[in-house]
Every structure is written in C-alpha cells, then in structure tokens.
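Residue numbers (my numbering), protein chains in the order written: chain A, 1 to 241; chain B, 1 to 98.
Just so you know, the hints here were simulated from the structure itself, not pulled from any lab data.
Where hints are given, some of them may not hold.
What the hints assert, rightly or not - To give an idea of the chain A side of the interface with chain B (calculated C-beta under 10 Å), a few residues:
id : residue
1  : L183
2  : R184
3  : L211
4  : A213
5  : S217
The C-beta atom is built at its ideal place from N, Cα and C for all residues, glycine as well.
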Amino acid sequence: MDSFPLSSELGATLGRIRGLTLTQETAQHAVDVLAQVAQETTPNAIGAGVSLIHDAERTSVGATDALVRTADDLQYSLGEGPCLAAWATRSPVTVEDTASDSRFPAWSVAADAAGIRACFSVPLMRGRDAIGAMKVYSTTPAAFDESDRTRLRSRSVAASALLGHVQTTDTSTRISRELRESLRSRDLVGIAKGIIMQREGLTEAEALAALTARARSTGIPFRRLTAEIVNGHGTSEGSDA
Amino acid sequence: MAGFPYAEEQRASINAAIVEAGFSTGEVWLRYFSLSGEVEEYEVEAYLAGLIPLPPLECDLLALAVNEMVDDLPPRRRARFCDDLVRAHSASEDDTEQ
C-alpha cells in the first residue's frame, strides 16, 4: 500500500485509458498552432483559422489575425458560411469569390465588406464525426488552386488526429472526478480491511478475502459494503454467520 | 503463483464476461483498482490475454469488479404475466373511480 502512485501519474493513466493525450496544452493552444500551420501550408492565404464545433456551436477558435477572426465570427453570428457548411456536410467547401457566390448570401456580403474575397474550408473528422473545420482566407478572388486545396486537406487529417485527442475542460473535469471517486472507494476498502483485521485478528489478505466473500454472499456492492463497515453500520463476521 | 488448478478456467470466464459485456480493459481495471486491486492495468491486460498468472486474491477482485459492472448494466426488458396486467388495469380503474 505504500507504493501508492502519485495522483498526477494516476491522472495520466486514466487519461490514457480514456484515449486522451493529457498535456498542459489546452484545446485553445492546439487550434492556435494549427491555424498557424494551415497558413504556412498555404502561401496564397492571407490568414487561416481552425474551429472546433460542437452541435453547430463553436467551442474553440484559433485564428492567425483579426480579419480571419472577423470572417469566422460572422459565420456563427449569421448561422451560415463555408466552415459551418464544411462541418455540416463533412466535405470541403470552396468560395471562389464572396462578391458573386450566392450559397451563403448574408455571410458573403459581410465578408466581402470586411475585405475577404476567397475562402477554402475543410472539415476536421474524427471517425465519422465532424469535430470542426480548418480554413484559409484570401483578399484575392479565386486565390486557391488545386494544390493548395490538396495540401490543406492532407494537413486537416493530421489536425483532426491531434484535436480528437486534445484535452478539453470537460474531459479534465470528468477525469479528476472519476479519479477522486476511485481513490475514495479504494480508501474505504483500505479502512474496512483495517477494521476487519483488528476486529477479527486477520492478516490483510485474509481480511480482503473475508470482505469479498461477504460481498458475494450478500450481493451488496463492494463499495457500499466497505462504506457501511467504515461508518460503523457493518455487521461483524460473527453476526452474519 | 501456480497451485490453483482452475486458474485458467477462471481467467477464461473473467475474459469471456468482459468480452460479452463489451467492457474495455481500462474501465475494468479502474473498477478493480477502486476495489483495492494492486496490479497495474498492463498486467491485467496480460493476465486476461493468458500471458501471465495473477495471485488468486487479485483474480477474485477482478472477478468481483467485472461482476459488479455486469450488475450495473441496464437490465433487459422483461415480459409481463396475465395477472400483472389485470392488477395494473384494475388499479388504474380504481384510481379513476375515486
């Protein structure tokens, strides 16, 4: 029992069990870095962005500059645009020229007014689920050629793999709760073992065997059984024999 | 660790229960750990695959963890008997008459 692992090690273990890469990096940091990668991948882009989308709501956004941020914000305030479409249809969306494209009328007008003329957006997929979108913008119409699109698509695969495993506030809260519950439960078993050892003159292993035997014969879940012993409500071995 | 003659039979039954219920080794290990299991997840996985033996008490804790998880699964739908339905309907009619 003295080889009890540090809770940080346990947290990492639990994270691994849940298929998550637990680092200090937040989702925000990851999308910022990936937005940078998208822009460096696409020389014709004036800026790039990465959004994580959940239930048509944007949960995190990374943007290389204020113009990208504006163009992205417009999509969510207007409820339409190439990234939302890429996310919803799970396929890439190209806007050659916001001045003439009619698929997202409100967004196109607003983006054009802000100076954005072209946009290419690819969905970020985790399995069959779209988890967000990666996009590049330009102030020049038809700025992106086929090689730009191919490069961004292949980057999006790596980006998806990373973002799918990144820690969000939600998962870290859940993991620390599971960890606390598990440690509390383990603690109760330890205390109950000690009580049984003292009360019945057993070794640690015998006490544990006696507890598991009691859980099996009574059908009471182990955690409740040990909690009852710890709280003084548990019957002694003598009374249920 | 040798000595218990039915160790392999127990291992197979634990593994079969896990596979049938669709549990991951990780979630089984977490439950086993919370029941004071001493062995690491990696070793539990190796044990389940039949690669290493575990002490009998650890095997029993693992079995207990798996069984409690099985008990926690939502129960299957049950069929109803004639008199269940008669009783249920007469009770609801009594309610409406009152």
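These are the hints, each one checked on the structure:
no.: 1; hint: L183; result: holds, 8 Å
no.: 2; hint: R184; result: holds, 8 Å
no.: 3; hint: L211; result: holds, 9 Å
no.: 4; hint: A213; result: holds, 9 Å
no.: 5; hint: S217; result: violated, 12 Å
In summary, the structure is inconsistent with hint 5 from the numbered list given earlier, while agreeing with all the others.
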